[in-house]
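Position chain G against the provided structure of chain C, taking the given hints into account.
Each protein sequence line maps, in turn, to chains C and G.
Residues 1 to 526, numbered by this note's numbering, are exactly what the first sequence covers, in order.
Residues 1 to 526, numbered by this note's numbering, are exactly what the second sequence covers, in order.
Check each hint, because a few of them may be wrong.
Because identical chains cannot be distinguished in the list, a pair is counted as satisfied if it fits within a single copy or across any two copies.
Straight-line C-alpha distance at most 20 Å; calculated DMTMM-like pairs for lysine to aspartate or glutamate [unchecked claim]:
| hint | residue 1 | residue 2 |
| --- | --- | --- |
| 1 | K183 | D24 |
| 2 | K460 | D173 |
| 3 | K183 | D140 |
| 4 | K291 | D173 |
No wet-lab data here; the hints were simulated from the structure.
Protein chains: 2
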Amino acid sequence: MAPIPSSTTGADALCDTLLNNGIDVCFANPGTSEMHFVAALDRKPQMRCILGLFEGVVTGAADGYARMADRPAVTLLHLGPGLANGLANLHNARRAQTPVVNVVGEHATYHVKFDAPLTSDIEALAAPMSHWVRTIAASDAVSSDAADAIAAACSAPGHIATLILPADVSWGDTKGGRVAKAKIPPPASPSGDAVRAAAAALRNGKKTVILATGSALRARPLETASRIAQASGARLLAQQANGRMERGAGRVIVDRVPFNVDAAIDDLAGTEQIVLVGSRVPVAFFAYPGKPSTLLPPACRIVELASPDTDLVQALDWLADELAIPASTRPLLDATPPPDLPTGALTARSTIVTLGRMLPDHAIVCDESVSSGRDLFAWTRGAPPHDFLPITGGAIGLGLPLSIGAAVACPGRKVVCLQADGSGMYTLQALWTQARERLDIVTVILSNRSYAILHGELRKVGAGTAGRNARRMLDLDDPALGWVKLANGLGVEAAAVDTVEAFVDVLGMAMKRPGPFLIEAVLAPG
Amino acid sequence: MAPIPSSTTGADALCDTLLNNGIDVCFANPGTSEMHFVAALDRKPQMRCILGLFEGVVTGAADGYARMADRPAVTLLHLGPGLANGLANLHNARRAQTPVVNVVGEHATYHVKFDAPLTSDIEALAAPMSHWVRTIAASDAVSSDAADAIAAACSAPGHIATLILPADVSWGDTKGGRVAKAKIPPPASPSGDAVRAAAAALRNGKKTVILATGSALRARPLETASRIAQASGARLLAQQANGRMERGAGRVIVDRVPFNVDAAIDDLAGTEQIVLVGSRVPVAFFAYPGKPSTLLPPACRIVELASPDTDLVQALDWLADELAIPASTRPLLDATPPPDLPTGALTARSTIVTLGRMLPDHAIVCDESVSSGRDLFAWTRGAPPHDFLPITGGAIGLGLPLSIGAAVACPGRKVVCLQADGSGMYTLQALWTQARERLDIVTVILSNRSYAILHGELRKVGAGTAGRNARRMLDLDDPALGWVKLANGLGVEAAAVDTVEAFVDVLGMAMKRPGPFLIEAVLAPG
Numbered sequence: 001m002a003p004i005p006s007s008t009t010g011a012d013a014l015c016d017t018l019l020n021n022g023i024d025v026c027f028a029n030p031g032t033s034e035m036h037f038v039a040a041l042d043r044k045p046q047m048r049c050i051l052g053l054f055e056g057v058v059t060g061a062a063d064g065y066a067r068m069a070d071r072p073a074v075t076l077l078h079l080g081p082g083l084a085n086g087l088a089n090l091h092n093a094r095r096a097q098t099p100v101v102n103v104v105g106e107h108a109t110y111h112v113k114f115d116a117p118l119t120s121d122i123e124a125l126a127a128p129m130s131h132w133v134r135t136i137a138a139s140d141a142v143s144s145d146a147a148d149a150i151a152a153a154c155s156a157p158g159h160i161a162t163l164i165l166p167a168d169v170s171w172g173d174t175k176g177g178r179v180a181k182a183k184i185p186p187p188a189s190p191s192g193d194a195v196r197a198a199a200a201a202l203r204n205g206k207k208t209v210i211l212a213t214g215s216a217l218r219a220r221p222l223e224t225a226s227r228i229a230q231a232s233g234a235r236l237l238a239q240q241a242n243g244r245m246e247r248g249a250g251r252v253i254v255d256r257v258p259f260n261v262d263a264a265i266d267d268l269a270g271t272e273q274i275v276l277v278g279s280r281v282p283v284a285f286f287a288y289p290g291k292p293s294t295l296l297p298p299a300c301r302i303v304e305l306a307s308p309d310t311d312l313v314q315a316l317d318w319l320a321d322e323l324a325i326p327a328s329t330r331p332l333l334d335a336t337p338p339p340d341l342p343t344g345a346l347t348a349r350s351t352i353v354t355l356g357r358m359l360p361d362h363a364i365v366c367d368e369s370v371s372s373g374r375d376l377f378a379w380t381r382g383a384p385p386h387d388f389l390p391i392t393g394g395a396i397g398l399g400l401p402l403s404i405g406a407a408v409a410c411p412g413r414k415v416v417c418l419q420a421d422g423s424g425m426y427t428l429q430a431l432w433t434q435a436r437e438r439l440d441i442v443t444v445i446l447s448n449r450s451y452a453i454l455h456g457e458l459r460k461v462g463a464g465t466a467g468r469n470a471r472r473m474l475d476l477d478d479p480a481l482g483w484v485k486l487a488n489g490l491g492v493e494a495a496a497v498d499t500v501e502a503f504v505d506v507l508g509m510a511m512k513r514p515g516p517f518l519i520e521a522v523l524a525p526g
Numbered sequence: 001m002a003p004i005p006s007s008t009t010g011a012d013a014l015c016d017t018l019l020n021n022g023i024d025v026c027f028a029n030p031g032t033s034e035m036h037f038v039a040a041l042d043r044k045p046q047m048r049c050i051l052g053l054f055e056g057v058v059t060g061a062a063d064g065y066a067r068m069a070d071r072p073a074v075t076l077l078h079l080g081p082g083l084a085n086g087l088a089n090l091h092n093a094r095r096a097q098t099p100v101v102n103v104v105g106e107h108a109t110y111h112v113k114f115d116a117p118l119t120s121d122i123e124a125l126a127a128p129m130s131h132w133v134r135t136i137a138a139s140d141a142v143s144s145d146a147a148d149a150i151a152a153a154c155s156a157p158g159h160i161a162t163l164i165l166p167a168d169v170s171w172g173d174t175k176g177g178r179v180a181k182a183k184i185p186p187p188a189s190p191s192g193d194a195v196r197a198a199a200a201a202l203r204n205g206k207k208t209v210i211l212a213t214g215s216a217l218r219a220r221p222l223e224t225a226s227r228i229a230q231a232s233g234a235r236l237l238a239q240q241a242n243g244r245m246e247r248g249a250g251r252v253i254v255d256r257v258p259f260n261v262d263a264a265i266d267d268l269a270g271t272e273q274i275v276l277v278g279s280r281v282p283v284a285f286f287a288y289p290g291k292p293s294t295l296l297p298p299a300c301r302i303v304e305l306a307s308p309d310t311d312l313v314q315a316l317d318w319l320a321d322e323l324a325i326p327a328s329t330r331p332l333l334d335a336t337p338p339p340d341l342p343t344g345a346l347t348a349r350s351t352i353v354t355l356g357r358m359l360p361d362h363a364i365v366c367d368e369s370v371s372s373g374r375d376l377f378a379w380t381r382g383a384p385p386h387d388f389l390p391i392t393g394g395a396i397g398l399g400l401p402l403s404i405g406a407a408v409a410c411p412g413r414k415v416v417c418l419q420a421d422g423s424g425m426y427t428l429q430a431l432w433t434q435a436r437e438r439l440d441i442v443t444v445i446l447s448n449r450s451y452a453i454l455h456g457e458l459r460k461v462g463a464g465t466a467g468r469n470a471r472r473m474l475d476l477d478d479p480a481l482g483w484v485k486l487a488n489g490l491g492v493e494a495a496a497v498d499t500v501e502a503f504v505d506v507l508g509m510a511m512k513r514p515g516p517f518l519i520e521a522v523l524a525p526g
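Just chain C, same shape as in the assembly (with noise of 0.2 Å):
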C-alpha cells in the first residue's frame, strides 16, 4: 500500500484507498458538498468517472459493474435526496447480492445541526437498502472507514456498503500515514453436516429440487449443479431472480421459478424436499387474494446445503464427491437447434426468440422485459453462450443503467438491454451516458404502450376490467412514447420496427458496429 503524503485531505485517502484496494470505476453524481472529493478525483486519472444524469442510472450502473466485473464499483452521491434517487436500484442491487460501496456526501460535520434546506437523516435514509452504514468521523479516519466499507459490500456473497463523507472530512487534511488494506472475510466454507444431509436427501428417492442462486449460477458449478441432479434424479432449478446467471448452447439447461404465483405452483407441485444451494425458500413475488405467500407444497421439507455466504462452488463440489458420482454422469447441457425465424408483426415472442437467434457469442444480456419476457428462457433456448442479467428487487428502472456497468465492465463483449416500455422511462436518462462513453449497448425497447403486467394483475387481484380511471393510470398510449426521438435527445442512434424482417436487418446492423443503438420494438397487440 502507498503511503499517503501527509499533506493530503481526506478526499485524497479516499481516492488512494479505493484505488489500492481495487476500485478504479466511479459512477457519480456530485453536487456542492462533494466538490473536495470531485477534485481529488481529478487529481487521479487512474480513477475512471461516469457521470449518470440521475442517480438511479449510477447505481444501477454500480449494480451491473459488479455483476460482470466481480468487485465493486463506488457511486458518488449528493446528500440525502440524492441517495434516495439511487436507493430503488440499491434495492435491486441487494437483491441481487452485489457489491456496492456509496459515497454519500454530507454537510460538514458542524453545519448539519443549522438544518439547511437541503439537510436530511442520510444514515437513516440509507438503511433500509444497505447492509451497512457509516459516517466518516473525521478526515484521519477516511482511510479506515472506506477499507471497512469495501469489507463489508465484498464479504460473501456482496453486500450495500454506504460510507457518508461530510464535506469538512473531506476537505480536512490527514496526518498522512499508509492507506488501509480492506479486510475482506473469505466466503463460510460449507458446513460437512450439511453436504452429508444433502447427499442423503438426494439418495432417499424422493421427488427434490435442487434450488440455486448466486456464484452457483456460474457455467462451471453448474455443470456440477446439474452432474449431481442428473445422478439423482432431482431437478435443477435456478431462483426466480439472481443477480448473473450464465446460460445458452453448450451451457447447462437451467429454469427458474416462474414469476407467476398460479405457475410457480404447479410448476413445484408434488416436490417433497427441495435442497438450498444458496437461495432462499420461494415466496410469491406479492399476495393475492385467496392465494398463498409460499410456494411449495406445505409438506416440503426444506434441505439447506449452503447459506448464502458460503463458498457455493465448493458446496456444490463437496456434494458431488460425496455422492461418488461417476465421470461418466455427464451434465444437462443446451443442444437445442436454433430455432426458425419467425415472420411477419413482431410480438413479445418473434422479439426474443430473433434476438435469442441472432446473440452474439458471449453477449451480456441485461433483462427487463417484465410482462413481456416472462417466457424468455424457453424462447431462447440454443442461443449462443451469453450472461443473462434480469431485474431482482422489482423496482423496475434497472435494465438501461444496468447495461451501463456490464459494458464498462466487459469492453470487449456485445451487451443487449432487452427493456420493457414502461420501466425503462424510469431511468431512460441511462442512454445519455451510453452515448457519452460509447459503450457497446444494443437496447431493445420491448414497445406496448401500456403497463401491461398492471392490467394483468388488475384482472389478477379480482378488480375486474379497468375503467376510464384505471385505464389513465395503466395506459401508456396518450400520447406514445417516442422512443427514437428519446433516444436521439439523448445522443443515441435509433430506429423504430415492427416486423420481424425489419428488426432483423436493424439489430444486425446494430450488432456489427460498435456503440450504442436502440431499437424500439413496436409490438403487435395481444
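Showing chain G alone in chain C's frame:
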C-alpha cells in the same frame, strides 16, 4: 359525510374518505400491490387520476398542486422503491411547507414476513421526509387513519403525511359506518407578547430586517408587512426559498436572502435585529472552508413575531395595529416600467428579462433556473403580477413536476416553467404528463450544457479549475442534450432558439396557444 355501504373494501373507504375531505386529485404511479385501490379509484369518477411515469413526477406535482390549490392532493406510490423514487421531491415539499398525503402500497400484512423481492422497510424510508407516518392495521381502520393523515398534512403550515396501505387492508371488507372527517387543527394564534416585543423592536431605531415566508408572502399580507416596514424603517425580505410568493407589478417589492453565502452576508451586514414572520434564522445553503454557517452578524438580535405554525396574516395585522400605522403609510409596490427587450444572442439574463416582459397576467412561474436565475428577481422587476414557485429544498428535478401540479390546480392560468437543463433531466418524464393532460404549460429550458453551478462551486471550495475527471462529471455537452427531440418523444411540441428575436417569436406563439410547449433557450457561453 356519506355512509360507507357495508360491502365496501378498505380501498373504497380510502377513496370515500379522501373525496369527502376535499381531496379529489390523485397523482399516481401504481403497481400490483395497489391494484385494489386502483379498482376503487376506477369506481370514483369524481377523483381525477393523473399518471406520472416516474414517482418524482408524482410527488413534485402534488407539491405544485397544493402550493396553488391550498389543499393537498393524494399521491399513489408502489411499495418502498416507489416511495424512494418520490422522496427527493417530498424533501422539497417538506421545505416548502406543502401539505401532501402519500398513499404507499405495501404487501399484504401476512406476506411481509416472507421478505419477497420487493419487500423493504417502508416506514423507515418514509420517516426522513415525512412529518407523519402510519401503516394501516386493518380495513376498518382505513377511514379514521386516512382522516388522521389528512389532518396531519393540513395542520399549519403544511406537512407531509405518509399512509401505508397493505394490500389485504385494501382489498378486505369493512364493516361499513360513516366516513371519518379530518380534524384539522386551526393555525396557532399569534402571541400578544410576541407581537408587543416585535413592535417594541421596530420602534427602537435599530437596523432591522423583517424576514417573511409561508402565507405571509401572499399579496395582501405582504402589503401589511410592507406598511410595517415603511412605517418603522425596517427592511422587508423573504427567506431564500419559499413555497409561493405573489409578486410583480402593483404588488409589494420583496427581495429574498441571496443563495450565495458571500452575497448573503454582505446583504445582511449591519443588521442589528431580525423579526421572523414564520421564517427561520437564515443559514448558509452549504458550508465552505473558512466561511460561517450563519449569515447574520453575530450580535444580531432575533425577534420571533410568529412561528411557522402561526396564522401569519393575523400576526401581521395585529402587529400593524400595535404599531398604529396610519392609513397614509402605503406599501412599497412594484411600479418599475417594463424593461426594453434585449437583442442578440440569448444569455441567462436576456432570456429571463424577455420572459418577464412577455409574461401574461396572473401567470404561475415554476422556477428551477438554478445558477442561471440567481438574479431573477432583479431581472423580472415590473413583470405582470404572477405567482412565483421556486425549488425549496435544493433537491433538483422539481421544476417540471411542479408545473404539472400548478396547472392542474389552476386551469385558467398560464404556467411557465423555467428549468435549468441539468436539473430538468432528473424528472424529464414530467413532459409526458403535461402532454397527456393537455396542461397549459410553457417550459423554458435554460440550456448551458453543463452543471454550471458545480463549476462555480468547484472554484468556491478552492478546488481549482476542472481537469479531465472533473469535467467528465460536470459537463453535459458530450453529447449535447436535444431537448426538442426529448419533448417531442414525450408528446410535447418544442422549438430551440438562440437569439432573443427568435425567443420572442416562439414565446409569443406559445403563450397564445393552449397546451404544453417547450422552448430550449440555448444560452451563449459566459
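Going down the list of hints, with the structure as the test:
no. : hint        : result
1   : K183 - D24  : within (18 Å within a copy, 56 Å between copies)
2   : K460 - D173 : between (60 Å within a copy, 18 Å between copies)
3   : K183 - D140 : within (18 Å within a copy, 53 Å between copies)
4   : K291 - D173 : between (60 Å within a copy, 17 Å between copies)
Figure legend: structure checked against the earlier numbered hints; every hint is met.
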